[in-house]
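Please construct the entire structure, taking both the sequences and the accompanying hints into account.
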Amino acid sequence: MTGRIAACRFGVIMLKIFWWTTLVATVALTTCLITMLAVSWPAAWAASWPSWVIALAAVIIIESIIFWIGMITVYVTSVQLGIRRRVIGILCGWIPIANLIALRLIIRTVDDEVRFESSKEQLDRARATARICATRYPVLLVHGVFFRDTQALNYWGRVPAELQRNGAVIYYGNHQSAASVPDAARELTERIKQIVAQTGCGKVNVIAHSKGGLDMRYAIARCGAAPMVASLTTINTPHRGCGFADYLLEKIPLAAQRQVEKAYNAAASHLGDKQPDFMAAVHDLTQAGCARLNTEIGDSAELGGRASATGPFAGIVCQSVGSKLAHATTGKFPLNFTYPLVKWFDGPNDGLVAQPSFPWGERFTWLEPNGTRGISHADMIDLNRENIPGFDVREFYVQMVAALKQRGL
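With the working numbering applied, the sequence shown corresponds to residues 418 to 826, in that order.
Just so you know, these hints were derived from the structure itself, not from any lab. Just so it is clear, the structure is predicted and the values come from calculations on it, not from any experiment. Be a bit skeptical, because a hint or two may be false.
[Said to hold, decoys possible] Heads up, simulated DSS-like pairs for lysine-lysine below, C-alpha to C-alpha not over 25 Å straight-line:
(1) 749 x 760
(2) 679 x 691
(3) 760 x 741
(4) 668 x 679
(5) 610 x 691
(6) 760 x 610
(7) 610 x 741
(8) 760 x 537
(9) 537 x 668
Set out below in structure tokens:
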């Protein structure tokens, strides 16, 4: 068990102790008070009440210590509490009854986290020697639009560490956050050349999310990356574009678009992008833009079918993944806002991309777990570090990479 999970377990145990001992102490003190008032009043009251007050003070002091040790511990170490539950705990902490409900929510959330992570820890220890993700070629993770690969906040959440724990060697695209597909493809091609030259690995297995899938398809087809790519797995990539993006570009005034573009490009430049191009990236995500790119790439055989033996993807394992968010209320901002709009224009979607746009390659995996939660565009890269009932995103990637290993890749 990791130190963080051990601390979470300790914290939740302290909160459980607080819950039950406070309940027992409250019942006991209340019973004593009633007895004193009914039996000892008024003759023995003067002699009895000091002891009762001392007992009450002792209970308050001891329970406060137990409570704050537990609460501070789980607030500091828990991942699954998130900001919303932490805020609820703080706001409701001073409201009778509501504070008990909030405490039960915190205890249940952290308890579930401890059980889930402990089970995962046991699974990883049991298969450690098998190194099921130790593929022949290293794994290159390619991010989507409007994000960068940073050490401070990993775009892929807890996924890379889980893959590495099971034997994978991980690299990142390190390309700009916003650029046209051709420009991003050229950056990625140079990045792959760099990895191959430095390691002598020969090829890489690429896992690309969102627009990153379009960037990699272009890199393979038009930029010379094909000989250095063993496999390409696209995750929630809009291969046929986003109709919602077309609609927004039609409705938002050009002046407003330019203002957003200017603000984004300036911010991206400060964060490390050499030549950010917000509008080029957005236009390449529209249905019209993707239709143009698909024609330019010329790989129509791969759109939902098996790769052509003579095309640019010959010899490369090509596959895709897509997911569905069940309801707007189960998505995080801003996907909870965009989901109903995308559904109106494009149908079932992950909050940004609709189902018909996902399939590509020789195999398509559609993820739609039981229950009302669903899986959003951000959930597929563990952006929120959330344990989703019915879908273990880290294990999904482990099994996906393990399958590449089994194919000799």
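For each hint, the structure was consulted:
Between the alpha carbons of residue 749 and residue 760 the distance comes to roughly 16 Å, so the proposed pair stays at or under 25 Å and holds. Distance hint between residue 679 and residue 691 is fulfilled; the C-alpha atoms sit about 14 Å from each other, no more than 25 Å. For the suggested pair residue 760 and residue 741, the alpha carbons sit about 11 Å apart, so the restraint of at most 25 Å is met. Distance check on the hinted pair: residue 668 and residue 679 sit about 19 Å apart at the alpha-carbon level, within 25 Å; holds.
Under the criterion of a C-alpha separation no larger than 25 Å, the hint pairing residue 610 with residue 691 is consistent with the structure, at around 20 Å. For the suggested pair residue 760 and residue 610, the alpha carbons sit about 40 Å apart, so the restraint of at most 25 Å is broken. Restraint check for residue 610 and residue 741: not satisfied, since their Cα atoms lie roughly 35 Å apart, outside the 25 Å limit. Pair hint residue 760 plus residue 537 does not hold up; C-alpha atoms about 35 Å apart against a cutoff of 25 Å.
Note on residue 537 and residue 668: the hinted pairing is violated, with a Cα-Cα distance of about 47 Å set against a maximum of 25 Å.
The structure fails hints 6, 7, 8 and 9 (numbered hints given earlier, in ascending order).
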